[in-house]
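Protein chains in written order, with full-length UniProt numbering: chain A, 1 to 301; chain B, 1 to 301; chain C, 1 to 301; chain D, 1 to 301.
Warning: the hint list may mix true and false statements.
Treat identical chains as interchangeable: a pair holds within one or across any two.
Taking lysine-lysine pairs in the DSS-like style, the calculated list, with each CA pair at most 27 angstroms apart, reads [stated by the list, open to error]:
#	residue 1	residue 2
1	K278	K42
2	K197	K99
3	K230	K197
4	K99	K231
5	K197	K42
6	K99	K42
7	K195	K231
8	K278	K197
9	K195	K37
10	K231	K42
11	K231	K37
12	K231	K197
13	K195	K278
14	K230	K195
15	K230	K99
In short, the hints are calculated from the structure, not lab data. All of these numbers come straight from a predicted model, not from anything done at the bench.
4 protein chains.
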Amino acid sequence: MNIGMIGLGRMGANMAQRLLRGGHQIVGFDPQAAARKALEDKGAGSAPSLADLVAALPAPRTLWLMVPAGAPTDASLDTLLPLLGEGDTVIDGGNSFYKDTLRRAQRFGERGIAYIDCGTSGGIWGLDEGYSLMIGGDAAAVERLRPVFETLAPASDQGWSRVGPVGAGHFTKMVHNGIEYGLMQAYAEGFSILKHKTEFELDLHRIAEVWRHGSVVRSWLLDLTADALKKNPEMAGIAPYVPDSGEGRWTVDEAIELNVPTPVIAQSLIERLRSRDKESFADKLLSSMRNEFGGHPIARE
Amino acid sequence: MNIGMIGLGRMGANMAQRLLRGGHQIVGFDPQAAARKALEDKGAGSAPSLADLVAALPAPRTLWLMVPAGAPTDASLDTLLPLLGEGDTVIDGGNSFYKDTLRRAQRFGERGIAYIDCGTSGGIWGLDEGYSLMIGGDAAAVERLRPVFETLAPASDQGWSRVGPVGAGHFTKMVHNGIEYGLMQAYAEGFSILKHKTEFELDLHRIAEVWRHGSVVRSWLLDLTADALKKNPEMAGIAPYVPDSGEGRWTVDEAIELNVPTPVIAQSLIERLRSRDKESFADKLLSSMRNEFGGHPIARE
Amino acid sequence: MNIGMIGLGRMGANMAQRLLRGGHQIVGFDPQAAARKALEDKGAGSAPSLADLVAALPAPRTLWLMVPAGAPTDASLDTLLPLLGEGDTVIDGGNSFYKDTLRRAQRFGERGIAYIDCGTSGGIWGLDEGYSLMIGGDAAAVERLRPVFETLAPASDQGWSRVGPVGAGHFTKMVHNGIEYGLMQAYAEGFSILKHKTEFELDLHRIAEVWRHGSVVRSWLLDLTADALKKNPEMAGIAPYVPDSGEGRWTVDEAIELNVPTPVIAQSLIERLRSRDKESFADKLLSSMRNEFGGHPIARE
Amino acid sequence: MNIGMIGLGRMGANMAQRLLRGGHQIVGFDPQAAARKALEDKGAGSAPSLADLVAALPAPRTLWLMVPAGAPTDASLDTLLPLLGEGDTVIDGGNSFYKDTLRRAQRFGERGIAYIDCGTSGGIWGLDEGYSLMIGGDAAAVERLRPVFETLAPASDQGWSRVGPVGAGHFTKMVHNGIEYGLMQAYAEGFSILKHKTEFELDLHRIAEVWRHGSVVRSWLLDLTADALKKNPEMAGIAPYVPDSGEGRWTVDEAIELNVPTPVIAQSLIERLRSRDKESFADKLLSSMRNEFGGHPIARE
């Protein structure tokens, strides 16, 4: 199929490349000329603006956005809307909040433009291993794009599915990331216990390798953890500082809104906040309280 | 090798069978005659008592225990101790608390008997897929048993390792199970969110299948979860009641003793306790407090 | 001062009464005639509509809202806005979300109407003990109402303060309630431990009384808990079901937005959600997973 | 009454002084001569050894231990045991683990010596405000000491009680401290949110003062927090480092043993561990995992 790929960062460039490998025709757009050039070198076309991109595609047009969630996505969509028409399709493959997706789909739908949300998992490994795709939107519109999804997914019949109406894709991806936070935190805590049991002189990489084969905790994240422990067993030079990119927050907010208790996902998010709160006011106040009631000494900075 | 397998329950019987398939000579003991008979039918010998079992093995003898942790393990070991002698080896393949293992190893070591702890993961799937084995003990004693471990593990060179001195195997397995609790809870929370987002009418089994291929959260536990959701998508007839078998508790106690913060593993354990606390006194008291200060109505039973 | 009190439920009626006792002139409005009549019986005037209420007050008018947060508050404010004019003052004494307050204050401010938010704590005890008042708004407007605050608070110079610009009052009250959740949960857990230590046959009410005098955990909530335990030591007939009224959710959302880790407040909220999730899908799935990997039996409903 | 006070640290010296003020005869022992001298200056006798202390008391003797829990308490008791006889009474007023108390009481009971455990709360304020006393032991033995408890408690009939058989006092005190952790953490989190809402420029001390009067969260810990915030509103120079002295750990262990879910108390303890884990291996590993799967940059030290 002919696809216009918008956003040629780490994820977008890889996905365009996987589509090229699968025999699709790609025209790419990115504000960075270097990113466009890199894609051209792989056999795609490119366009210096969204208007040029739209002009370069045969109708009905298919545009795939891989743009940071929030304002950047809105900006691209605002530009696209007047350029597109009835029968065209926009797919948001980024990590948009599903409520934004519902709002945007409404706007495009009013003009006869199909709007599809595609939660995309797989990270930098997706180029070679395929992406897991959670797709929301009109069933016929999704079906029309079957060749694209079959190429992007790990196998033509595995790793992708329409999971519901528009919004359902990003909702499912959001929850996926919430789970991901919990899994990561569980491994991190476990390896931290092993690390601190110094008298056993445990080799964490070796243990990860043992667990990778036959154990209940084997997983792809464990494969990656084993790799990280092999390369840097002591985590030397790495700051104990863990960013988060939003989906975990949304998951917790949504769970609360739905009255679903999610203690572990919530706590996993909070641990990331905690990792960045190096001058915890709460801890300082706790230390002061202990001094107030019990005369316990206060550790000084 | 010649192995005396003590305890022919779900795990012990399967492990004996996998060893038989691998060409080892097995004599099994279990207090249940039916369990002994079942093993005999698969080509093993059996013994009606531990004394007979020991007598049936050529010296130096190798005895593998797959017995419930705690008192049953101690009872078996108490019986075995006077029957064994210098050069024999005892392997505890159950889920013993590592401090019990240290105590027991000391006792056997004083009589020249090698004591090895082998944390065993893989559940009922280990028979066909192999077990992940975390082994503690004297390096030479472990090396002598290499053929046994190579047979039990998924591949001769994968899924097993001596991870440290005696105790280290059970310690590592304990942490493995703590991680397992966290992973399970993360998935359970995520699917619960999906379940409660009724307007999207999400097909949880289908989503699990999508995630199994290419996503960051793919894992063996997810494979099993997909299977469970396929068989019973609504979890019909299943009580919201989750037992725990001890290793999670030990993990939390150990983490606290080591000053390692493990919020997610601790919370995963607490959620299991919570699932069984159907008449929560805490919740009743909270309801009463709300009534006391704010006049809020109390829900009645 | 002359005050128009809007909303004569549990909180509004008590506050009107405390103001009457303090020598203020009160005209009350409530859609329920019985509520208006009850207030009249205590010496206040009443009005059958908001328009009548506004007409009954001397300019510049002071209107105090004690109306449920959200839509009911917006409805009252929509009616009031065209009836009021430059120099009038509206105080929202309810549990509004502070972002709603910011929006509403903007709207009233554009018409020269002072808008004050007053977080109010004290529950049904405030009538006699006085209310704790966290006030946001223009300093001069707050100062003009000093006689009102001095009457409502426990003492003329204690228990009330302007804490910042408009919104700051409700923000502070929101956090107050978040803390309240945490305190309540801590007591509830502690008493639950005592309750389950059956061999000591602990008398929970007696222990609460001991703690009320001289202990580090003495508090007003403990006073109330002691009272609840005295009246119903076994919490007989009370369902383990704990509602929440919104502020806890906002607190958690805000904390996440501000990158402040609040594990205990978040968990306290989650425990309330959990108390109402009697058919936990998560727990059922956990039980299924255990069966899948380990063959553990599933408890049936 | 005649009391031998063993351990003249912060708590023991204050309690001895309060007993002196109440008209009791005190002989004190402490290995530090300066501590003995300080007590003598207040009107007590002192003894340079436990043997001298026992010799200085009229039979039946009453000995009150205020010694650090664990080995120091065992050391004192080991020395005392052969010095005492039938009819004497030992009270452990420290923070002993209740299982140690059960063991010790057994040993003393076998020799006809009454053993009483007295959980003591009140910190450095107890001297003037009185102590909250949770007492376990034989009812007649406790009754004999009524004059002592009436003096130590805030009022002769308030703030002290026999709560059950020996062990019950320390058990109750342990749970008290678990609750204390939860309360402290709830306040600390709440004030931390206020602190980070910079646009409102909230005065935390002032808010604490407002809350102290009439609010639902008023408590003695809040009084102390207000005091701490008054003295040092920015917590300047205080390290975000919070020790724990053991009772929180025991509470969590006990709750797990009793199958009582205590998420908030457990998390409060974990937060203290976290405050001391400045080079969190878990966080470093999380950062590495994010890099592994998503190519996210790693913050460097």
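Hint-by-hint comparison with the structure:
1. K278 <-> K42: neither (44 angstroms within a copy, 46 angstroms between copies)
2. K197 <-> K99: between (46 angstroms within a copy, 13 angstroms between copies)
3. K230 <-> K197: Classified as within; 19 angstroms inside a copy, 41 angstroms across copies.
4. K99 <-> K231: neither (40 angstroms within a copy, 32 angstroms between copies)
5. K197 <-> K42: Answer is neither; intra-copy 50 angstroms and inter-copy 41 angstroms both fail.
6. K99 <-> K42: For K99 and K42, neither the intra-copy (35 angstroms) nor the inter-copy (50 angstroms) Cα distance is at most 27 angstroms.
7. K195 <-> K231: Within. Shortest intra-copy distance 16 angstroms satisfies the 27 angstroms Cα cut-off; inter-copy 39 angstroms does not.
8. K278 <-> K197: Both: 25 angstroms inside a chain and 17 angstroms across chains, each within 27 angstroms.
9. K195 <-> K37: This pair counts as neither: shortest intra-copy Cα distance 46 angstroms, inter-copy 44 angstroms.
10. K231 <-> K42: Neither. Shortest intra-copy (31 angstroms) and inter-copy (45 angstroms) distances fail the 27 angstroms Cα cut-off.
11. K231 <-> K37: Answer is neither: 33 angstroms inside a copy and 50 angstroms across each miss the 27 angstroms cutoff.
12. K231 <-> K197: Cα proximity of K231 and K197: one copy only (21 angstroms, versus 41 angstroms across).
13. K195 <-> K278: both (22 angstroms within a copy, 15 angstroms between copies)
14. K230 <-> K195: So K230 and K195 pass the 27 angstroms test inside one copy only (14 angstroms; across, 38 angstroms).
15. K230 <-> K99: Neither, since 41 angstroms and 29 angstroms both go past 27 angstroms.
The structure does not agree with the numbered hints 1, 4, 5, 6, 9, 10, 11, 15 stated previously, though it agrees with the rest.
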